[in-house]
Amino acid sequence: MAESTATTELWTNAPKTKPRDRDVMTAIKRGMLGCCPACGSGKMFRAFLKPVDNCAACGEDLSHQRADDLPAYLVIVIVGHIVVGGFMMTDLVWPMSNWAHLAIWSPLTLILALLMIQPIKGGVIGLQWAMRMHGFGGEEPEPEDKIASTPAVD
Numbered sequence: 050m051a052e053s054t055a056t057t058e059l060w061t062n063a064p065k066t067k068p069r070d071r072d073v074m075t076a077i078k079r080g081m082l083g084c085c086p087a088c089g090s091g092k093m094f095r096a097f098l099k100p101v102d103n104c105a106a107c108g109e110d111l112s113h114q115r116a117d118d119l120p121a122y123l124v125i126v127i128v129g130h131i132v133v134g135g136f137m138m139t140d141l142v143w144p145m146s147n148w149a150h151l152a153i154w155s156p157l158t159l160i161l162a163l164l165m166i167q168p169i170k171g172g173v174i175g176l177q178w179a180m181r182m183h184g185f186g187g188e189e190p191e192p193e194d195k196i197a198s199t200p201a202v203d
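Numbering-wise, the sequence shown is residues 50 to 203 according to this note's numbering.
Simulated from the structure, these hints should not be mistaken for lab results. No experiment lies behind these values; they were computed from the predicted model shown. Note that beta-carbon positions come from the ideal geometry of N, C-alpha and C, so glycine has one too. Warning: the hint list may mix true and false statements.
As the list claims (entries may be wrong) - Simulated DEER-style distance windows between Cβ atoms: (1) GLY129 <-> CYS107: 33 to 39 Å; (2) ASN103 <-> THR139: 42 to 48 Å; (3) LYS92 <-> HIS130: 27 to 33 Å; (4) GLY134 <-> SER112: 18 to 24 Å; (5) PRO144 <-> ASP102: 27 to 33 Å; (6) ALA96 <-> HIS183: 35 to 41 Å; (7) MET180 <-> TRP154: 32 to 38 Å; (8) HIS150 <-> HIS183: 40 to 46 Å; (9) ALA96 <-> TRP143: 37 to 43 Å.
Could you build all of it, start to finish, from the sequences and the hints given here?
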């Protein structure tokens, strides 16, 4: 009787232990600080916007990340609100020439965008890791064409 229980446990596909939950806010915070979302001590970036493939401290595979264009879109929205709001408020209080506005707001836009892009990309990668997206959950994602060709079961 004991042998049959051991045999069925050996051949089941169910995981032996439930994967531990990942704290989303901690992973995003670690990513925004440029650290590995898993351990918090390894570096996430090897260049300005190029993430490492594996964490040097814990060995977590970060090559699955698919941040793509989301960090840039978030930076555009945030910087746009700051710059346009600032431009409109200053123009109401101190009317200036267009050249003066251009001299103030163009460099500020560039500086804000460059300061924000890396932390936001790190936060997006941390979010993907915490939510087990794009292969961070342990299993490889299936290609979209394979999913689309699977017939629906009614």
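Hint check, failures only: Hints 4, 5 and 6 not satisfied by this model.
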